[in-house]
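K.L.:
Produce the entire structure from the sequences given, and follow the hints as far as they go.
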Amino acid sequence: MKNEFILSEVILPEDIKGKILSSELSFSKFYARNPRDELRELIIHLKNTEISGLVILGGKESIEVLQNIQDELIDIFAGKNSSYFFKIYINKNSNDAISFIMIDRDKGNIIN
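Be aware that the sequence shown starts at 1, since it is given in the numbering used here, and climbs by one per residue.
Please note that the accuracy of each hint is not assured.
Lysine-lysine pairs mimicking DSSO-like chemistry, simulated, CA-CA at most 27 angstroms apart [to be verified]:
1. Lys19 to Lys47
2. Lys60 to Lys92
3. Lys19 to Lys92
4. Lys17 to Lys29
5. Lys29 to Lys80
6. Lys80 to Lys92
7. Lys60 to Lys47
8. Lys47 to Lys80
9. Lys17 to Lys92
10. Lys80 to Lys60
11. Lys80 to Lys19
12. Lys29 to Lys60
13. Lys92 to Lys29
14. Lys29 to Lys19
15. Lys17 to Lys60
16. Lys60 to Lys19
17. Lys29 to Lys47
18. Lys80 to Lys17
Everything labelled a hint here was simulated from the structure, so no lab data went into it.
P.N.:
Below, the structure written as structure tokens:
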């Protein structure tokens, strides 16, 4: 997990890095996935937020990004800490973050 944590420091957008690194990651995983499968799952999650009240920061933007990916696979770094669950979508050619989602695990909090 140490390598994944170091990777997260490199590829995370600055505006969310502080929140994600605010406490120790209790889970992290780096994997590749078909972007159409990821898109389908994300759309379902966004529809469920209308019922649950959760907020998915970056959800709509990530849908647009995933719709435009032509590659067969996209790299994903996912994890959670005591406050947030996140996924970072990564350009596998440059290791740059191209989009992200972040969910506050405490349903009552709004992410700013």
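K.L.:
If a hint holds in the structure, say so; if it doesn't, say that too.
P.N.:
The hints, checked one at a time:
no. : hint           : verdict
1   : Lys19 to Lys47 : holds (24 angstroms)
2   : Lys60 to Lys92 : holds (21 angstroms)
3   : Lys19 to Lys92 : holds (24 angstroms)
4   : Lys17 to Lys29 : holds (17 angstroms)
5   : Lys29 to Lys80 : holds (10 angstroms)
6   : Lys80 to Lys92 : holds (22 angstroms)
7   : Lys60 to Lys47 : holds (11 angstroms)
8   : Lys47 to Lys80 : holds (21 angstroms)
9   : Lys17 to Lys92 : holds (20 angstroms)
10  : Lys80 to Lys60 : holds (20 angstroms)
11  : Lys80 to Lys19 : holds (11 angstroms)
12  : Lys29 to Lys60 : holds (23 angstroms)
13  : Lys92 to Lys29 : holds (15 angstroms)
14  : Lys29 to Lys19 : holds (18 angstroms)
15  : Lys17 to Lys60 : holds (19 angstroms)
16  : Lys60 to Lys19 : holds (20 angstroms)
17  : Lys29 to Lys47 : holds (25 angstroms)
18  : Lys80 to Lys17 : holds (12 angstroms)
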